[in-house]
Amino acid sequence: MVVAFLIHTVCPIGALAPGESRVLYSRVFGPDETLFQDGSLRRQLNAEERRLLSAEKIAIVARQVQSAVGLRREASGRPPTEALPGEEALALQEAESGVLRLCRGDPYWRELSAMWFAVNSLAFVMLCEHHENPLLAEGTLRSLVRHCLEHLHMLGQGSEVLLKSSRVDILLSRLLPHGQLLFLNHRFAQSLEKDLATLK
Amino acid sequence: MYSHGSESLIKQARLIKLLQGKEYGHETVDSLQRLHLILSATKYTRTLPLELQKRLLPLLFSPVEQLQVLSSAVLREALPFTGQADIYKQDSNGQLNSHAAALLLSQAESRDDLSALCAQLLRSLENRPSEGPNYSFTHTLPIVNIILTHSPESLTEDNITLLSKKLVDWLRYASTTQGGGASSGGFFTGSRSRQPLPIAELDGTVSGDFFTVLCVGQVFTEDQWMNVYSFSMLRHWLLTFHSVSGGTITDAANKLQLSLSLSHSFSNDDRSEIDGSVVSMVSATSSSSRLLPPKERLREKAFQYCQRLIEQSDRKAQKRTDMDLQKACLVEAVSILDCVCVEDASFVYRVFPCIKALFGRLSSDLTFTRVLLPVAQFYLNHGEMAAVDCDYVWNLVLGRYPAELFNDPFLAHELLRFLRLNLENVQLQVPQYTRNFPNILKFLAWDSPAVVDDFVDLLPSMVTPASALELLHTLLDLPCLSATLLLQLRSMFLPISDSGGRNLALMDAFRNPSYRGLFLFLLRSEAGSGDTIDRLSTLLELLSEAADWPRVVQCAQIVPILLHIFFNTVVKVADKKLLGQVILVLLERSSLLLNIPKYITEIHRVFSLQLTSLCKLHPSLVMDQSHELLEFAGATSNVYSKQEIYTHVVLVLGEYLSVSYDARCSVKLITSCFETLEAVLFEITSSAPPPGASCPAPRVITTLISALAKLASRSHDLIPRVSLFLSKLRKVSSGGSVSWCEDEEDLASIVTLGEELCALLKTPGVAQSVLNPPPHVTTPQWHQDANVAMPLQLRALTTLMQGHTSRSQQTPTSPSPYTSM
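First to last, the sequence lines map onto chains Y and Z. Just so it is clear: in the first sequence, position 177 is 177 by our numbering, and no numbers are missing. Count along the second sequence starting at 1, add 200, and that's the number in our numbering.
Some hints here could point you the wrong way.
Per label pair, the in silico range of CB-to-CB distance [unchecked claim]: (1) D565(Z) x H186(Y): 31 to 39 Å; (2) M1001(Z) x L52(Y): 43 to 51 Å; (3) E74(Y) x E604(Z): 49 to 57 Å; (4) D195(Y) x R724(Z): 52 to 60 Å; (5) H186(Y) x Q507(Z): 34 to 42 Å; (6) S76(Y) x E745(Z): 44 to 52 Å; (7) R104(Y) x E831(Z): 45 to 53 Å; (8) E74(Y) x P396(Z): 38 to 46 Å; (9) A835(Z) x E74(Y): 32 to 40 Å; (10) E942(Z) x L52(Y): 38 to 46 Å; (11) D403(Z) x P18(Y): 50 to 58 Å; (12) E828(Z) x P18(Y): 25 to 33 Å.
Computed footprint of chain Y on chain Z, listed as stretches where at least three residues anywhere in the stretch have a Cβ under 8 Å from a Cβ of chain Y [unchecked claim]: (13) 307-314; (14) 410-422; (15) 521-535; (16) 798-809.
Simulated from the structure, these hints should not be mistaken for lab results. Predicted model, so just to flag it, every value in this text is computed and none were measured. Ideal Cβ positions, reconstructed from N, Cα and C, are used throughout, including at glycine.
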């Protein structure tokens, strides 16, 4: 099961301190985990604080992925190429991808894996349970990124993502309903894509 | 609560006005989108006025999906949310759509909330009309899956039984014909004779068995969709509800007999409970599968499904995405089979041949590496029971994979996770684990930041008495390994005659036969061929060109952390002899490190720290290694090039070279040590530092002086020599500045120390006890030792005194024997 999906920036932004990332889209699936774990935290926080905590955790994940992406790009030594709108397929091929281990408590209560794809200045991150099928997760994430690039045109400035949250929500409700990874062969995937196309 | 920005107020007012109308157009969608943006843009809460919340609720059931999505998203951000009951009421025909359910799920605050949601969903599943719009129930299983993750107790026994039965139906008895055949409106002429088409396999052939996720058709029926959803959550379901059966031997034997007899009778003609058509195979035992309780039946069907998937994955798929899906299905199928076998060991005999065949098919294909990891897990869990020799599996997974695929980040993550999660069993059953540690470390050398966490967990298990020294050398050489792996990769892609590009010299050296052996040593797969090589300095020189490569620098940054872990572990597993050898390695390698600027400094710091703590733990080590330590301390060049280590070597010599720590310590040894240190001190304080080196830090000099004083206090003949030297020092420095110390204040501190020690040494008896304090003074026991626990005593006294004072206010407190202290 996927715990959360987020899109955030991985390039330096003038308004933020270096090393900080702006989360452009985030969706957490399911109820707040602090309510369903055993422990004293449950009784100490009210709804507002829980919401703040949840947002902070997402921000921490974004920062960690940003630094992972930065280190990977530095190590590979490839000059940064900006793919232009219209070159989505190329961008997807050139995208860097990886997976990060989030240990217990850092920041989520249970151990998670953060799978990421970095395209230009955006990173798409999927937080999965650590025992999730990794091949399926990677395939699903790749498919999500492809949709976001091709149909939602996210290769431009990152600010467009902010206004397209409902379309990303609908995309997720088909390909990743409530965080469930699906074994979709090409026919099932085509059927879903047709359905998505009719909603535009 | 935070005050709303005026912008958001205006937006909300506008939105309320829009929502009051009957028709919802583009403007409504736009406003909702912006409202959502405002709410989600800050991590602090904004409240939505209740009136707006009430107006948004009906939108959850709007026929326009975008409105459903947006209202669900906006209400998710709303705090507090009180509309749960309203949603359940609004839901007219007992069907919660996906987005309304998502809202309820995200706002659930207790197990009861989840139980209510679950009950509602299952009720609508049971009561559904025969025709319904597509996707209306597909969200049921994903939501149940989430509930399982957070609160499995929310499902009642009835729920579990119902779902088990439904899962069996969807998995095993979904239609084998394509959907949408005759629903082409009211026209039946001509199309009435059209037979529904059968489903096909991924390679185009017609499917001859039950429907699975690897079957294709033009249009899918609802139960085929549910087949996909069911398989997607099957493993989690099995893991959550089918606990490991810890039955007795007779239980296992009974199960074995039952399953063996059933396996002969299971065929594709097994029919569903709900489908009332005739059982085609007339056999007494074929219907016995229906006698199994729901859990066991589901387990059996899961086994059949996975077996079919494994067989289907052998077919050549026509599309790339389908090939990837086949791999993912293999991983899932093997994991489910593993899970089933763990629950019920009688399955192992049925499953093992299948897994073994799969391994045989895939082991030589390097594109299937990630698929073979669950297979390895299966072998680890059940190999012993099936009495199978698993060597070839581990040679592949720990031998070939890291050597050839160290640069695959996903494989690295999964392989290391496999090792971490099964560490105990791996240490017991897989000798290749400790033998192949140089191979496994290749993942670390290649992509240090991504996998360092895993190695922090794994490294302690790699430290064994047999491998400790070689492991230490390998850790110190990790940046070299990093550079070598890069060279290896580049040499595969660059033709030999390529004259362009930098790093030409290094690439040439890599290919040069006379240096080949050095690089091959670093690239070795197995330990045991030697701790390190003789020509290490040559290798380091060659690789100095690589010292600024980013990957090498990243690797160098994590080595100190791992060294600390290594040392913390080695003191627990090594005997004194081995620890002595470790110290020798420290001294030897301090000058044999890859020349990355901060790397050498950091490693020296780690060495110094660890040297001191090793000697503190086993003081007699200083005696054992005194020869080498003195050799190190006697080389004046070490003062300038390895200041940190030098300081600590002198410190341990001064501290622990004494009869009280080791009875073998002789006067002769103390004297020779004294003379060595004296010579060095004399040399560095009588002349300027050699060209290129900076002045020695004051700490080196003060440590040398203290060490000399300590040694002298143990052998009183040496005291006059110390005093003489210190008075000379005072004279020399009274003139002002000296060539070996730049700062006047530092010089003054050095001289002061000299004077204090001089004065102390005038009374040798006192000097002896001050400079060689017995252990119980240096390791105070506080609360453990009743005689020394001063704080406790004082506290008790105070309480007594206060109590005494309050009881008898007239009489003054009587003097106690302790108050005079």
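Going through the hints against the structure:
1. Evaluation of the 31 to 39 Å hint for D565(Z) and H186(Y) yields a failure: the beta carbon distance comes to about 22 Å.
2. Range check, M1001(Z) to L52(Y): Cβ separation about 50 Å, and the 43 to 51 Å hint holds.
3. In this structure, E74(Y) and E604(Z) break the distance hint of 49 to 57 Å, their C-beta atoms being roughly 25 Å apart.
4. At about 55 Å, the beta-carbon gap between D195(Y) and R724(Z) stays in the expected band of 52 to 60 Å.
5. The beta-carbon spacing between H186(Y) and Q507(Z), approximately 23 Å, falls outside the hinted interval of 34 to 42 Å.
6. One distance hint, 44 to 52 Å for the beta-carbon pair S76(Y) and E745(Z), is violated here, with the actual separation near 19 Å.
7. In this structure the hint that R104(Y) and E831(Z) lie 45 to 53 Å apart at CB holds, the actual value being about 48 Å.
8. At about 57 Å, the CB distance of E74(Y) to P396(Z) disagrees with the hint of 38 to 46 Å.
9. Restraint check, A835(Z) to E74(Y): a C-beta distance of roughly 39 Å satisfies the suggested window 32 to 40 Å.
10. Taking 38 to 46 Å as the suggested C-beta distance range, the pair E942(Z) and L52(Y) does not conform, at roughly 53 Å.
11. The given range of 50 to 58 Å is respected by D403(Z) and P18(Y), whose C-beta atoms sit roughly 52 Å from each other.
12. Separation of E828(Z) from P18(Y) is about 47 Å and departs from the stated range, judged on CB atoms against 25 to 33 Å.
13. Figure legend: the stretch 307-314 of chain Z, annotated as covered by chain Y; annotation consistent (7 residues with Cβ-Cβ distances under 8 Å, at least 3 required).
14. By the rule of at least three residues with a Cβ nearer than 8 Å to a Cβ of chain Y, the coverage given for the stretch 410-422 of chain Z holds, with 8 such residues.
15. With a threshold of 8 Å between beta carbons, the proposed coverage of the stretch 521-535 of chain Z by chain Y holds, since 10 of its residues qualify and at least three are required.
16. Counting residues of the stretch 798-809 of chain Z whose C-beta lies closer than 8 Å to any C-beta of chain Y gives 0; at least three are required, and the coverage claim is violated.
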